[in-house]
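A.B. asks: The listed protein sequences derive, respectively, from chains P and F.
Numbering (our numbering) for the first sequence: 1 to 377.
Numbering (our numbering) for the second sequence: 378 to 982.
Derived by calculation from the structure, the hints in this document are not laboratory data.
There could be a bad hint or two in this list.
[Said to hold, decoys possible] Listed below are several chain F residues computed to face chain P (Cβ distance under 8 Å; list not exhaustive):
(1) Arg381
(2) Pro382
(3) Pro383
(4) Arg385
(5) Arg843
(6) Gln846
(7) Ala890
(8) Ala893
(9) Asp899
(10) Val900
(11) Ala901
[What the hints assert, rightly or not] Covered by chain F, according to a simulated footprint, are these stretches of chain P (three or more residues, beta-carbon under 8 Å):
(12) 144-150
(13) 173-179
(14) 182-191
[Unchecked claim] Over the 12 Å line for every Cβ pair with chain F, so calculated as not near, a few chain P residues:
(15) Glu86
(16) Gly110
(17) His162
(18) Ala165
(19) Gln225
(20) Gly282
(21) Asn329
Since this is a predicted model, take the numbers as computed values, not measurements.
Heads up, the beta-carbon is just placed ideally off N, CA and C, and yes, glycines get one too.
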Amino acid sequence: MRIACQQEDLHRGLSAVARAIPTRTTLPITQHVLLEAEGDHLTLSATDAETIAITYRIEAKVEEPGSITLPSRLISDFVATLPREEITMRLAERSRQVSLACVRNTASIGGMDPDDFPPIPTVEGSDAITIEAPRLRTAIAQTVFSAATDDSRPVLTGVHFHFTAGSLRLAAADGFRLSVHTMPIDAKVERAVIVPARALSELGRLLGEAAEGKVAVTFNPAGTQVQFDVGHARLTANLIQGTFPNYEQLIPAQKATRTEVSVAEFMRETRIASIFARDGSGIVRIIATPGEGSNPGRLVITARAEEVGNNEGILDAVVEGAEAKIAFNGRYLMDVLNVLDADRVAIETTSPSSPGVLRPVGNDRFVHVVMPMFVQW
Amino acid sequence: MTDRPPIRILPPEVAARIAAGEVIERPASVVKELVENALDAGATRIEVEIEGGGADRIRVRDDGHGIPPEQVADAFERHATSKLRSEHDLYAVRTLGFRGEALAAIAAAADVDLITRPAAQTAGATLHLRRGRTERQGSAAAAPGTSIEVRELFASLPARRRFLRATRSETQAVARVVADYALAYPEVAFRLTADGRSALASPGSGDPREAVAAIHGAEVAAALLPAHAERAAPVEGEADIARCEVAGLVGPPSLHRASRAAIHVVANGRTVTARALLPAVELGYEGLLPGGRHPVALIRITVPPDQVDVNVHPQKAEVRFRHERLVFATVQAAVRAALSSAAHLAPDSPDLTAFAPSTDGTAYAAAHAWPGLDLPPETPVAQPPFEATSGRSVIAGARAASRTERDRQPPADLGGRVPVLRPLGQVESTYIVAESSDGMVLVDQHAAHERVLYEEVRARIAAGERPSQPLLHSVLATLSAPQAALLAGGARDLEAVGWQVEPADGAAVIVRAVPAALAGRDVARALADYLDRLEAEERLSGPDRAAATLACRAAVMAGDRLDAAQQRALLDALARCDTPHTCPHGRPTMLHLSRAALERSFGRR
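So that you can see chain P by itself, here it is in the shape it has in the complex:
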């Protein structure tokens, strides 16, 4: 293998694929990145050998094709420090040593046999579904945090993708909260799959770099793998098999009180309250009072920590319906407020013990359902 490529391209590619590398592993080669030179490009690949694989293709002058694996951390750190110039790489086949040169820097890095590298799946199946990258990015951000982190119920560690004619609905739930995002798409497909939350977190980052543009989503015929192509990057993930719970029934149909507040202010007050609720329970109490005559409605947020102190914040609010009292886990509130793509949020409640619903004001793409906490009022 003998190639030349631009430092910028190689650096970007190595950072992108490094996200697939597991933090803890028993398989040392998964700490490596696979380099394959062919035609006019160099393909970088990394995988955790379980759930996801990321490949990234960069332009390269290939004088002699070939492949090798190199320790990801070492080569990434080295390339990151090099100037934005051309890098040449030459592999000594027998010793599996790669000599890198860039301007005045040279390095030699030992690799491993590329045949030992876990296979990187390529999905070739149904026609690709095309989605706008920023939209998918928002949809992922608004749902992935609600997925369960404990893997004893595997279906809940993923995000449910439901394609219907002209729309895609993403849903995630962990037993305490539920996030549902619906967006229009061009494709007319009927399909429901569960994508691992970890794969989507990484995809979200790749989408963030892609900015505008499109994502092509492809499934393999067996329905076990999904592939997202975005720009130079390709992320492949094993789908989670199983039936996602029917979540529609968890979204309350009625409400007794609807409280509308500024997302930024609500976020700030919740954050302050959470400081005071920072013991094990994290209870943040909310009291919504409707306006009366010339008095505007308001939302009072309180929290207290045993033996430390307490806090009270007051927000202007548009409150429709009866006065409402409800308590939430402050972390759950912040998680959802963080990802709202609107200036104002509507909080819908029926009783202190029934689920609360948060919706962005001005669009109906997102709905979040969160269980309140049991507290003494």
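Chain F: place on chain P using the hints.
C.D. replies: Relative to the frame of chain P, chain F by itself:
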């Protein structure tokens, strides 16, 4: 069977030897008898010298009131005593000796030299006995007081002499006797010299803490907490009232030993082994000491003389209290009061409200009082109440106070306050290394977090709160038979910590809510893990058991990486605990390496 010897009355000498064998078992018993005589003689200074573990030579010298010359010879007769006159006196003994056996028994077992001089006399009387018989009697110049020298113990009883143990263990036994009396009589100066080397010297200042310092070292003595309790109860069918007063010094839970040797019990000035009372002392420490470890304590019990029977043991090592349960309760109360006043222990639940969130500076200070790591001061530093009007200023006030406190006080005087611990990092993802105002501290992150959560959960239960996170959709969990039994048995306590579980078919249950601290975990597994842990939690019971289990399940585990902010938050929370030194199971949360210890280890001093 015709050879069977007839029954005979033993000759007096043989009877005397048998009795001597009961009273005098080993050199330590000789020392005990002589020291008791010296104390009964009003001595203020007692010097004990031994050689060869006491088997070769014992000398006890005091500055007491001595024996008048004309009574010297009688002193060694059996049942000769100046301390009892009638049988009635026996039931209200106020002196240590009373049986009139000690000197006779010693004389029967060894060679004895006596020199004694009452202060009023100009010359001292001397007496030399060999195997119980007077060999010489005379007079000599002597300091006021009595000096008795015992040589060749058990020379006439070779069987007993053979049973003596190594010199070292006999010396230790003597040292234990002298130590016990030094603790029981802090106003008397004791000195023990073994084979020419000084083994112990108490100042005789009257301060029990100084006596402890002479025996267990100054660091231990400084750490001890004063304990006191007084109880009285009418006795059914009796006119007089059962009374008991307990005073003493008890160690903080951070101070513990592998044996009970450091628990000293003194009843009416008499050192006793008091096996029955040791549990009372240890019950006071329940849940604070690691398993198999024992506290350091000096317990002084005072009851009216007629409410204790000292005549139950030849060596008077055991006493019998007429109202043992009262004594037991008083001892336990004294220990608990000492520990809780030093904020080592949460007081009984009714008082928990004192620790509820409030702007009352004294409650805050009480909740935050900390005895320091291993060198707390003798008296707690008074903390001015914060003049706080809001929660925030309480915090600011506390921070400022602890800062100035720290700056002002030398490290050995941590002032019973929370030493501010600055996290430096983690070892093995299990222990937090922190710098304190005196050296360094290693904190077991799991044990520390358990303690923090345990106190939070208990405080919430006491406040009537139930931090519970209901589920969006209830979860069906299948339990094993033991798990189901635990659930059924402790339903009320489980509900108190936030579980809401309903029985379904067979071994299945429906979970509707989980404790807030477990929110976010897989529900069915969290319940099963919780119940398994609950089963293992045998030291506690009731809501405490449920709370400790929750704390254990919710706490960070050994092996969890904590970032700097998390480490800091954990140490701050630990410092706010009532009992920061141990986890709910009694394991220590921290190890302290003081500056002095570091300097010693590195040879800096």
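A.B. asks: Hints numbered earlier in the text: which of these fail when held up against the supplied structure?
C.D. replies: Structure breaks hints 1, 2, 3, 4, 14, 20 and 21.
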